[in-house]
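K.L.:
The residues making up each chain are set out below.
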Amino acid sequence: MTHLEDTIYKCWESNSKAQSELYRLFSRKMYGVCLRYAKDSADAEDILQEGFVRVFTKIKQFEFKGSFEGWMRRIMVNTALEKFRKHDRLYPVEEMSIYESTEWVEETISSITADDLMKMIQELPPRYRMVFNLYAIEGYSHLEIGAMMNISEGTSKSNLSRARVILQKRVTDNFGEEKRIQVKAI
Amino acid sequence: MERHPIDQLFKDKLGNFEKNPPADLMGQIEQQVAFRGKVRQMNQIKAVIGVAAGLILIVMAGWFSLDQNQFSENKIPSKNQKELSPVLSTPLKEATVASIPDKLLLADQQHRGTATAMNRDGKSKSVVAKRNSAASSSKVKEPIASVSTGKETEKSLPQTIAVTKEEKKTDINNSSKQKKAEPVYFADSYYPNPAARKTEKGSWRIKAEVSPMFAPQISGGNSATKSMSTVSGGMIASYQLNKRVSISTGVRYSQMKQGTHSAYTLSAKSGITYLEPVEKSASISRDVSLYLPSKSSIVYSNGMQAIANGLQSAATNVFASDISQDFKYLEIPVQATYKLIDSKFSVGVTGGISTNILIGNIASITENGIKLSQGNTDNLRDVIYSGSAGVEFGYGLAKNLVLTVEPRLKQYMHSVSSNEMVNFKPLQMGIFTGLTFSFE
Numbered sequence: 001m002t003h004l005e006d007t008i009y010k011c012w013e014s015n016s017k018a019q020s021e022l023y024r025l026f027s028r029k030m031y032g033v034c035l036r037y038a039k040d041s042a043d044a045e046d047i048l049q050e051g052f053v054r055v056f057t058k059i060k061q062f063e064f065k066g067s068f069e070g071w072m073r074r075i076m077v078n079t080a081l082e083k084f085r086k087h088d089r090l091y092p093v094e095e096m097s098i099y100e101s102t103e104w105v106e107e108t109i110s111s112i113t114a115d116d117l118m119k120m121i122q123e124l125p126p127r128y129r130m131v132f133n134l135y136a137i138e139g140y141s142h143l144e145i146g147a148m149m150n151i152s153e154g155t156s157k158s159n160l161s162r163a164r165v166i167l168q169k170r171v172t173d174n175f176g177e178e179k180r181i182q183v184k185a186i
Numbered sequence: 001m002e003r004h005p006i007d008q009l010f011k012d013k014l015g016n017f018e019k020n021p022p023a024d025l026m027g028q029i030e031q032q033v034a035f036r037g038k039v040r041q042m043n044q045i046k047a048v049i050g051v052a053a054g055l056i057l058i059v060m061a062g063w064f065s066l067d068q069n070q071f072s073e074n075k076i077p078s079k080n081q082k083e084l085s086p087v088l089s090t091p092l093k094e095a096t097v098a099s100i101p102d103k104l105l106l107a108d109q110q111h112r113g114t115a116t117a118m119n120r121d122g123k124s125k126s127v128v129a130k131r132n133s134a135a136s137s138s139k140v141k142e143p144i145a146s147v148s149t150g151k152e153t154e155k156s157l158p159q160t161i162a163v164t165k166e167e168k169k170t171d172i173n174n175s176s177k178q179k180k181a182e183p184v185y186f187a188d189s190y191y192p193n194p195a196a197r198k199t200e201k202g203s204w205r206i207k208a209e210v211s212p213m214f215a216p217q218i219s220g221g222n223s224a225t226k227s228m229s230t231v232s233g234g235m236i237a238s239y240q241l242n243k244r245v246s247i248s249t250g251v252r253y254s255q256m257k258q259g260t261h262s263a264y265t266l267s268a269k270s271g272i273t274y275l276e277p278v279e280k281s282a283s284i285s286r287d288v289s290l291y292l293p294s295k296s297s298i299v300y301s302n303g304m305q306a307i308a309n310g311l312q313s314a315a316t317n318v319f320a321s322d323i324s325q326d327f328k329y330l331e332i333p334v335q336a337t338y339k340l341i342d343s344k345f346s347v348g349v350t351g352g353i354s355t356n357i358l359i360g361n362i363a364s365i366t367e368n369g370i371k372l373s374q375g376n377t378d379n380l381r382d383v384i385y386s387g388s389a390g391v392e393f394g395y396g397l398a399k400n401l402v403l404t405v406e407p408r409l410k411q412y413m414h415s416v417s418s419n420e421m422v423n424f425k426p427l428q429m430g431i432f433t434g435l436t437f438s439f440e
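Keeping their order, the protein sequence lines are chains A and B. Sequential numbering of the first sequence, starting at 1, is according to the numbering used here. Sequential numbering of the second sequence, starting at 1, is according to the numbering used here.
Derived by calculation from the structure, the hints in this document are not laboratory data. Do not take every clue at face value.
To be verified - Calculated from the model, a selection of chain A residues having no Cβ within reach of chain B, i.e. all distances over 12 Å:
{"hint": "1", "residue": "1"}
{"hint": "2", "residue": "4"}
{"hint": "3", "residue": "6"}
{"hint": "4", "residue": "19"}
{"hint": "5", "residue": "20"}
{"hint": "6", "residue": "54"}
{"hint": "7", "residue": "56"}
{"hint": "8", "residue": "64"}
{"hint": "9", "residue": "66"}
{"hint": "10", "residue": "71"}
{"hint": "11", "residue": "137"}
{"hint": "12", "residue": "144"}
{"hint": "13", "residue": "147"}
{"hint": "14", "residue": "148"}
{"hint": "15", "residue": "152"}
{"hint": "16", "residue": "154"}
Said to hold, decoys possible - One side only, chain A facing chain B, incomplete, derived with CB under 7 Å:
{"hint": "17", "residue": "29"}
{"hint": "18", "residue": "31"}
{"hint": "19", "residue": "70"}
{"hint": "20", "residue": "110"}
{"hint": "21", "residue": "114"}
{"hint": "22", "residue": "117"}
{"hint": "23", "residue": "119"}
{"hint": "24", "residue": "136"}
{"hint": "25", "residue": "149"}
Predicted, not measured: the structure shown is a model, and the values here were computed from it. No residue lacks a Cβ here, since even glycine has one placed at the ideal position from N, Cα and C.
Okay, chain B solo, but in the shape it has when bound (with noise of 0.2 Å):
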């Protein structure tokens, strides 16, 4: 098919068309995929973080469903079973009894005893407060009364408790008319209060914990910035030392953010634009460059447009518009903590250093909700140190599983900006809540 003259005559001219582009672009584009690359390990990390959380939160619900499952199954009687009924009248055969030691079957029967208690109260409470509760109760004195009518009593335990050998036979023989055998139930493998184990020596625990971060000084030096609410969240590995001291380490992303309004120069320079603050490096909300791609993207509000329009002649406007500088870090914390309270409600002070990589650092310029300028705060450091302090309140849900509230204040150590002129140590204050898991 013969070709359109016209589109013969631009294809002709146009097809090969060649020409250099502006010289610095090549820097423009360097930035660029620097910076989405920082943006997608960013998003790796977060995505990351996430499926370990989530991965997390379902090995402690599943523990957590276990834990309530065996509990519910094996430790409490069913309502066909007599109240308080002593141990010994349980179908066990006489060869089996005869085989575990007199010291476990006595834990045995404290574990009944409080499970049947549990059931009629439902309340937990220790065998023997629950026994000599029961000794003024007429409901319950009679089951115990026929257990200690035996000839061989060990006269140094407790009456209402004491079990003797020979009563073993006979409650045997009484109970061999039942058929099923119900399971036996060994001193280490029932706690009916899901905190009542004490933290232990050597044991290990990871925690999931997120909070809401607030900078109560966070200006740099400048009046008119003002911080804003960030969030920070990560996964901690602890490790107990001894009853009272844990040590942890782990990741957290953590995040500071603040704006500010200030006057800003609109430059061109090579022809490329760029929005300057006016008083360059006076303090970290002015340490930033921005750039624009080109003047056409620029799409100017109302106010602006006058000093745009005169930027065809001017070298230089101002204009004043608002600043956000968000700074992302991975921080490695290296932390104590000492339990003050260790129990089903327990409380804790921690305290340590933490590592903080920079991995994002963003500043825009935001006008009437537009976008209009894209760049970096100037001079941050990559690695930063900081301290934290805080006190751990924690709650033990279940067996393995303590929910904690902790309030943390977070001190830079030196300033995030290597400019000399810039001294920001940023304060930060955080309320993480979190879930610890703790490995047997």
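This is chain A alone, in the form it adopts within the complex (with noise of 0.2 Å):
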């Protein structure tokens, strides 16, 4: 049995440490994921708070099949959509069927760190901050997240690319040199 499963035993027994040791294995690549769905580091600690009461109060459901930090991840995807689904409900979307892509030269791209895109996707409106993630990230599918967001395949489709147009933007506005092409939207 290995280090990770034998906590995990033990956190199904309420076991104040174990519970302590899969925090301190886990939270720092959490928190990450949070940040990433949040609009401020507070929401962040909300959500990866929810998320962890989530973890210890339902781990005998975790059934050692696949990774656990994955089952763990999507603990704090679905915390973060609940939240959205509570307080972002409403919000106007913007149809959109082509974008503008670009193409940066590597200085740039280098030049930008994780805590400056960070800052651009928390800024993003809520619904097209969940669609990016979902979909450039965490690699789901539209009709995934339609089905996860209650929305449309193409209400997902025009959000992603909405939310493209944005970062595109704002890397552009910050970091400068591109070339700039036209294509049309997947």
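Dock the two chains into a complex; use the hints.
P.N.:
This is how it looks when you write it as structure tokens:
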């Protein structure tokens, strides 16, 4: 039995030391996930706290099929989605079929830090932020995103397009050099 | 499919992004886990009590219904039968009758007389009273006379109900023409009055009870505190020690709730926002710890907004609001009951002590219907003792079922708080309504 499995089994019995150990092992990664879905660090702390409470109370539901980190990550994402559904249900959606894409020179990309990008993503409107995270980083399809967020596949696509445009503009405004090309929306 | 450059950029930079969360977040998570565990436990207890109470009521209803059916099917003669017909006119076989002791036959006759009387008048009366009153009635005189004309009348018994062996035989012969035999009733199997059987030593009873609870004085030293009504209820099992005294124990859920309008401090410590009473520990309504998961989750009312904005620069802010405190206990009582009147309508005095185990402790600030903050009342004892006294009024609904109403006072014997500055011994009053089921 691995150290992680042992810790998980101890968490079944609500062992506080094991819970602290699990928190120590995964809190950094999960906080990173939460920050992407939140509008600021306080919001991310709320999601992380609620997410870990759910992890500890539902840990018996983890059946050791697949990665524990993946299971925990899904809980964090679902917690963020639930929070979004509660507070940001209504948000105007602009339909877009064409967007601008950009290719930056290598120097531009290397000068952008993760914190810079995190700030940009947090400043996106809530629904765009959710869709962009789920599609671009988590790798969900528009069909899956539509089901998760209770929106249509088309709405998910248009939200993603809009999010890309906003992010592209911010990257360009902040980090300069680029060459623009026009492409059809995926 | 080639990834979009924006997607690629963010995936590369943020896909495995890690950052240390605030140091004290784990403490808040532990608090939340513990709190939810208690809530889940409480819900389980409520479910068990609910199911148990439901089952008891179903069993009681079943017994009550069975008892009534037995009464209506077997004890009341049909309209076709002759009113007040003598017992020995029933078609009993000779051999059967010969084997039945006289005493039982006499008892049987008593039962039939009563049953007939009930059928005719719709009232329950004792056989002797009925027969005595029947003496003056021409309608009932005739059949009774026919019974009492035998040669060997037992003079020690009232004439109207005396039965001789010879009469038995005569009646048996007369009734032999009837084909169907009626069942024989024995002395101990029939109680027309549901509450006629007195409480017997050694019997067990189980009771389901519920009551609204009021606290005339719950403030604990703070005049701005108002108590709120709550609900208490549970299941009690009792054992009859003798004709009048019984002891009981069981499990009961009880609750205390109070609201206070007071001044609170909104303060920020290590990035966490707390709401604290200005005069902490002066009374139980101020001995609380309220926390907010994060400053962003505060839903400020108009009155609070200015204060909240000021929080950015100032360390503390003061505002007035309403705090609600809710204490939940699982009560295990040990009490005694002394019956003053033991009849269909019964009266008894009850008294005892209870062990109260703290199972819920919630304090919250609500403004304009929005919960701003939640936490706990500090220093509450996990176990406290209380005394109770009451007067129990009972009414027999059926042979085994009694409806009870009991005004009861409950006084906590020591302060619910371990804080030396807080001396809070609440007094509660309730009117418990219950159903008691007796086992034979």
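K.L.:
Look at each hint and say if it fits the structure.
P.N.:
Quick rundown of the hints versus the structure:
1. 1: Fine: 24 Å to the nearest Cβ keeps residue 1 of chain A off the interface.
2. 4: At roughly 17 Å from the nearest Cβ of chain B, residue 4 of chain A sits farther out than 12 Å, so the non-interface label holds.
3. 6: 19 Å, holds
4. 19: 7 Å, violated
5. 20: For residue 20 of chain A, whose nearest Cβ neighbour in chain B is about 6 Å away, the distance does not exceed 12 Å, so it is violated.
6. 54: 10 Å, violated
7. 56: 5 Å, violated
8. 64: Since the minimum Cβ distance to chain B is about 22 Å, residue 64 of chain A lies beyond 12 Å and the statement holds.
9. 66: Non-interface label stands for residue 66 of chain A: nearest chain B Cβ at 18 Å, farther than 12 Å.
10. 71: The claim holds: residue 71 of chain A sits with its nearest Cβ about 17 Å from chain B, beyond 12 Å.
11. 137: 5 Å, violated
12. 144: 16 Å, holds
13. 147: 21 Å, holds
14. 148: Since the minimum Cβ distance to chain B is about 18 Å, residue 148 of chain A lies beyond 12 Å and the statement holds.
15. 152: The assertion about residue 152 of chain A holds, with a minimum of 21 Å to chain B.
16. 154: Given that every Cβ of chain B is farther than 12 Å from that of residue 154 of chain A, nearest at about 18 Å, it holds.
17. 29: 5 Å, holds
18. 31: 4 Å, holds
19. 70: 13 Å, violated
20. 110: 10 Å, violated
21. 114: 5 Å, holds
22. 117: 5 Å, holds
23. 119: 11 Å, violated
24. 136: 4 Å, holds
25. 149: 18 Å, violated
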